[in-house]
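Here the protein sequences come in this chain order: X and R. For the first sequence, my numbering gives the first residue as 1, with consecutive numbering after it. For the second sequence, my numbering gives the first residue as 1001, with consecutive numbering after it.
Calculated directly from the structure, the hints in this document are not laboratory data. Please note that the accuracy of each hint is not assured.
List time: in silico DSS-like cross-link candidates among lysine-lysine, alpha-carbon distance up to 27 Å [unchecked claim]:
{"#": "1", "chain 1": "R", "residue 1": "1371", "chain 2": "X", "residue 2": "143"}
{"#": "2", "chain 1": "X", "residue 1": "31", "chain 2": "R", "residue 2": "1637"}
{"#": "3", "chain 1": "R", "residue 1": "1759", "chain 2": "X", "residue 2": "171"}
{"#": "4", "chain 1": "R", "residue 1": "1723", "chain 2": "R", "residue 2": "1039"}
{"#": "5", "chain 1": "R", "residue 1": "1759", "chain 2": "X", "residue 2": "31"}
{"#": "6", "chain 1": "R", "residue 1": "1759", "chain 2": "X", "residue 2": "49"}
{"#": "7", "chain 1": "R", "residue 1": "1618", "chain 2": "R", "residue 2": "1452"}
{"#": "8", "chain 1": "R", "residue 1": "1295", "chain 2": "R", "residue 2": "1452"}
{"#": "9", "chain 1": "R", "residue 1": "1759", "chain 2": "X", "residue 2": "19"}
{"#": "10", "chain 1": "R", "residue 1": "1540", "chain 2": "X", "residue 2": "31"}
{"#": "11", "chain 1": "R", "residue 1": "1606", "chain 2": "R", "residue 2": "1668"}
{"#": "12", "chain 1": "R", "residue 1": "1293", "chain 2": "X", "residue 2": "143"}
{"#": "13", "chain 1": "R", "residue 1": "1723", "chain 2": "X", "residue 2": "108"}
{"#": "14", "chain 1": "R", "residue 1": "1040", "chain 2": "R", "residue 2": "1633"}
{"#": "15", "chain 1": "R", "residue 1": "1667", "chain 2": "R", "residue 2": "1039"}
{"#": "16", "chain 1": "R", "residue 1": "1727", "chain 2": "X", "residue 2": "143"}
{"#": "17", "chain 1": "X", "residue 1": "91", "chain 2": "X", "residue 2": "31"}
{"#": "18", "chain 1": "R", "residue 1": "1562", "chain 2": "R", "residue 2": "1618"}
{"#": "19", "chain 1": "R", "residue 1": "1618", "chain 2": "R", "residue 2": "1086"}
{"#": "20", "chain 1": "X", "residue 1": "256", "chain 2": "R", "residue 2": "1371"}
{"#": "21", "chain 1": "X", "residue 1": "204", "chain 2": "R", "residue 2": "1723"}
{"#": "22", "chain 1": "R", "residue 1": "1668", "chain 2": "R", "residue 2": "1723"}
{"#": "23", "chain 1": "R", "residue 1": "1399", "chain 2": "R", "residue 2": "1433"}
{"#": "24", "chain 1": "R", "residue 1": "1759", "chain 2": "X", "residue 2": "55"}
{"#": "25", "chain 1": "R", "residue 1": "1293", "chain 2": "R", "residue 2": "1384"}
{"#": "26", "chain 1": "R", "residue 1": "1759", "chain 2": "R", "residue 2": "1726"}
{"#": "27", "chain 1": "R", "residue 1": "1389", "chain 2": "R", "residue 2": "1433"}
{"#": "28", "chain 1": "R", "residue 1": "1039", "chain 2": "R", "residue 2": "1726"}
{"#": "29", "chain 1": "R", "residue 1": "1478", "chain 2": "X", "residue 2": "104"}
{"#": "30", "chain 1": "R", "residue 1": "1667", "chain 2": "R", "residue 2": "1759"}
Over 12 Å on every C-beta distance to chain X, these chain R residues come out as not near it, computed from the model [what the hints assert, rightly or not]:
{"#": "31", "residue": "1323"}
{"#": "32", "residue": "1339"}
{"#": "33", "residue": "1435"}
{"#": "34", "residue": "1585"}
{"#": "35", "residue": "1587"}
{"#": "36", "residue": "1724"}
C-beta: ideal position from N, C-alpha, C; glycine also.
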Amino acid sequence: MKRVLTALAVIVSCSSCEKVIDIDYNEAATKYVIEGEVSNDPAAANTVKISQTKKFEDDNTFVGISGATVTIQVDNGIIYSLPETLTGIYKTTAFTGTPGSVYKLTVKLNETVFTATSQMPSQIVLMDTLTVEDLSIRGSNPKTIQPDYQDPPGLGNSYRFIEYANGIQVKHVFVQNDDISDGQHITRALINEDGDLDTGDTVKVEMLCIDANVYKYWYSLDQASTGNSMVTPANPVSNISGGALGYFSAHSISSKTIVIQ
Amino acid sequence: MKIRKRLSLPTLLLLTGLFYSAKINAQQRFTLSGTVKSKKNGETIIGATIRLLNKPVGVTTNEYGFYSITFSAGTYNVEISSIGMKNDTLTISMTKDIVQNIYLLEESKGLKEVVVRGQARGGRSISGTQTGVEKLSTKEIKNIPVLLGEKDVLKTIQLLPGIKSAGEGNSGFFVRGGSSDQNQILLDEANVYNASHLLGFFSTFNSDAIKDVTVYKGGMPAQYGGRLSSVLDIKMNDGNNQDYSVSGGIGLISAKLNVEGPIQKDKSSFLITGRRTYADVFLKASPDSSVNKSKLYFYDLNAKMSYELGDHDRLYISGYFGKDRLGFGDQFGINWGNTTGTVRWNHIFSKKLFSNTSLIYSNYDYELNIKSGSNDFNVFSQIKDWNLKQDYQLYAGTKNNVRFGWSSIYHRVRPGEITSSDSSSVNSTLQQKRYSFENAVYVTNTWNASSKLNFTYGLRLTNFLVLGKGDFYNVDDKGEIIDTLSYKNGEVVKSYWNLEPRLAIGYQFNHSSSVKASYVRNTQNMHLISNSTSSTPTDKWVSSTNIIKPEISDQVSVGYYKNLAENRYELTLETYYKSMQNQIDYRDGAEVFTNDAIETQLLYGKGRAYGLECLIRKKTGKLTGWVSYTLSKTERKINGINNNQWYNAKQDRTHDIAVVGIYELNKKWTLSANWIYYTGNAVTFPNGKYTVGGQTVYYYTNRNGYRMPAYHRLDFGATKQLKQRKKLSTELAFSLYNVYGRENAYTITFRDNENNPNKTEAVQTSLFRWVPSVSYNFKF
């Protein structure tokens, strides 16, 4: 809809214009940000990153928070601890995620405890193909990556895609679910309004099967927290309790690569 | 004698329960009644004043031009006046009841004849009890410069105090702190659910077809109900029953044509008005293939027929049809529009009892088409009403004017239906249709207790029945469904009763000043749920359910009215306080389209709004216009938003100023200008940021804790009369929007700096600077 509005404005006024402005931001207390991932990839470590919110004027570099006690419990059984390998980064390769298992994250930080639970979807769905589609709604550079896959029957399957163009992650949230496509062979483009893809670009797409709460997190983040939303801005709906921002996701991961012709 | 028999309707009077005895005393009393019309085209005149010369006794015509006034036997000089019309004086000898139809001559010049209604000389605001009402004339609408020269009722009313624009160039509006769906927009009594074209840049009302516009911001009379904030009552022209006439205009983005004339002279008439934009022609010129293959236009059609069936009956049939179409190539398209139809039957039961029966149809729908690879489907949504209404006006005596009636509306909402082809990867799905039956009875009396003191007191009783068939839900605090209840076809799921008192008092100090106060309760059972920052055609209308309760508002308002400098200026000061219950908002991360149980996505709370409105208006002379100022506050408190604390509503603006001037330079040229200033909307900006999933995410602490920059703008307009003959008149209208080219912020967004992604920046987008327009209008 934003595109439409802008197009309309340009048509009628030829004068839609943008400029960078200064805003006097309010002071806000910082908040912890936890990003936890468990995957079924034996080569990847299960990782929890802890940082905190920054001022708007600060740079975007990751500043980790040290000294947390981080554990992940598998199916209400064994508790694995994640030692801090770099400042604010806690990792373990002691276990590999398995489909259907429930993982419980516990982070203790300065007497505060944050917990989150995520279940790796029991049915792992892989991409069948990756194609390049010309989407007219994308404007003058219509090339758009389109994964397709077979959704298993039963509502609630959710997917996240991560796109890398020439090795660099595209800064955009791509999530899909089967609300209107249960059990179908789904082909849905990864529409990124701000990024252009050109002939010759190598594009890698990772597909993650995620649980419904994690879908909700990414969906709400994309809706309201990207700084460029059509809805009233708000923080994403997190699955972490205890008052931290971020998410904890146990997911499967697979990938495909395509060169744009 | 037949009439007298019908008049003996004591049951009706008993029904009202409020009837103030108007028994004939010692002296004999007689009634003068009839209809006031324009001599030129036979259009009935709304709000014309009929009064005794040199006496403070008078009435105004109702929305069908009917009047009735009773006084003791004698000979009287009666003056009939209506702004834009020449006064007429009759000498009437009241020795019996008299039916007198009155034809007024028009006094104005110009293409579209000036017909300012409801503004009798001496000031409309002074007398009576009505607070919070604004009326606009077609002349004012015609002369005020607007974006792209497209005259627009909804944009013009935004220049009045207490009515705020929904944004740059937008026809959406907020009244006294209410949301945009809390405005009841009526076109010939039919509810218009989405009154905007092209995503809000234009309204659905073609000003050529409009006869009268009245906005009630408070103190709504009891015959109105169903929305919390305001009533915008728009009446279409009836059509000329004297002569055929054709008028039209060609502007920068649209062309329009109006044809009207008698079907049978003096007895019946027709009117057809059409308009189509051709912005898509400009699209074709674009080098961008995504733009030049796009569709973007709207059209609308108004039609009306009026019949006089003898002396006592009149029949009106009117309709509106409008459609917007928007598309990107073959892959994406959306169209939406309203259809309304109204059949009305006026019957004059007697010299004192006027009746109107209306059968009204209203429909709003949108359809979204997506055809891209294996995604081949369309989404359809619709809201459809059938409404039967009966209204009686009883001119009970000199001192009492009773109005009573009832209304029944059957609503059917189809929230969303996906239809897909066999090869589509999308499943055809049907969200449950929702049925409801909205009923109301009302009675109100205006009692002129003395020449200075007037009271209006009334009651409106509403019942809203939520009907099956369908599944209804019980939802816990987290929005999870805990129980599903199935209802059969026609079964009552929930019944909501509400009693809405309407009270108003007016005290006139002298011939030039008065004070009034009012209290009104309104309820609303059709809710527009939107979490977008601007309105979109796909915003969702839902009816009250077992969980979604009727919205309720209570408003008190006090006003002071004064006419200055021998009625050349009119001053209005009004204050109000409004509290709102059962307000609705989306949860964070709500999924709007795919969810059947919409209640799982909603949060509820309350609202409050208060303010001071000031209007100084110059009504006569070469220079006319007004200065309007509003000081206001509007807040919401929703459980689950902003830590359950009060926060500023989006439309909360502290100051709102509009200055409007129209200057008749000479017979050829009319110049106009307006200047607008308002405090920026309350808006949510980040208070920090963090990185998740490789991208910058913004951190928010307070809902609407920031403000957009203040908005201001100056517009110029000029109209040149080219030809002015009996058979043909033509004119050219010029306008320049945003004369000093201020870059008003339309949106402010946040992003990583393109060159240094390690830094974030705030970006302001503004839309219209220096938008010129020219249009050519004709009439023959």
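With the threshold set at 27 Å, check whether the alpha-carbon distance from residue 1478 (chain R) to residue 104 (chain X) stays at or below it. Roughly 21 Å separates the two Cα atoms, so the pair holds.
- Query: Do the alpha carbons of residue 1723 (chain R) and residue 1039 (chain R) lie within 27 Å of each other, as the hint requires?
  - Reply: Holds - the C-alpha atoms of residue 1039 (chain R) and residue 1723 (chain R) are around 23 Å apart, at most 27 Å.
- Query: Has the given pair, residue 1371 (chain R) with residue 143 (chain X), been kept, meaning a C-alpha gap of at most 27 Å?
  - Reply: holds, 16 Å
field: Restraint check for residue 1562 (chain R) with residue 1618 (chain R), where alpha carbons must lie at most 27 Å apart
entry: Between residue 1562 (chain R) and residue 1618 (chain R) the Cα gap is close to 12 Å, so the pair holds against 27 Å.
**Asked** If you draw a straight line from the CA of residue 1295 (chain R) to the CA of residue 1452 (chain R), is it 27 Å or shorter?
**Response** At roughly 59 Å apart (the allowed maximum being 27 Å), residue 1452 (chain R) and residue 1295 (chain R) break the hint.
Exercise for review: Mind checking the alpha carbons of residue 1759 (chain R) and residue 31 (chain X) for me, to see if they're no more than 27 Å apart?
Suggested key: Holds, because 20 Å separates the two Cα atoms, which is no more than 27 Å.
Can you confirm whether the C-alpha distance between residue 1759 (chain R) and residue 171 (chain X) stays at or below 27 Å?
holds, 14 Å
**Hinted pair residue 1759 (chain R) and residue 1726 (chain R), Cα distance within 27 Å** = violated, 68 Å
Query raised in the report: Can the restraint linking residue 1759 (chain R) and residue 55 (chain X) be considered satisfied, given a maximum Cα separation of 27 Å?
Result: With a Cα-Cα distance of about 11 Å, the restraint between residue 1759 (chain R) and residue 55 (chain X) holds, given a limit of 27 Å.
| Between residue 1399 (chain R) and residue 1433 (chain R), is the straight-line Cα distance small enough, at 27 Å or below? | violated, 49 Å
message: Hinted pair, alpha-carbon criterion (27 Å max): residue 256 (chain X), residue 1371 (chain R). Please report holds or violated.
response: Between residue 256 (chain X) and residue 1371 (chain R) the Cα gap is close to 25 Å, so the pair holds against 27 Å.
> Within 27 Å, alpha carbon to alpha carbon, are residue 1606 (chain R) and residue 1668 (chain R)?
Replying inline: violated, 53 Å
In summary, the numbered hints that this structure violates are 8, 10, 11, 13, 14, 16, 21, 23, 25, 26, 30, 34, 35.
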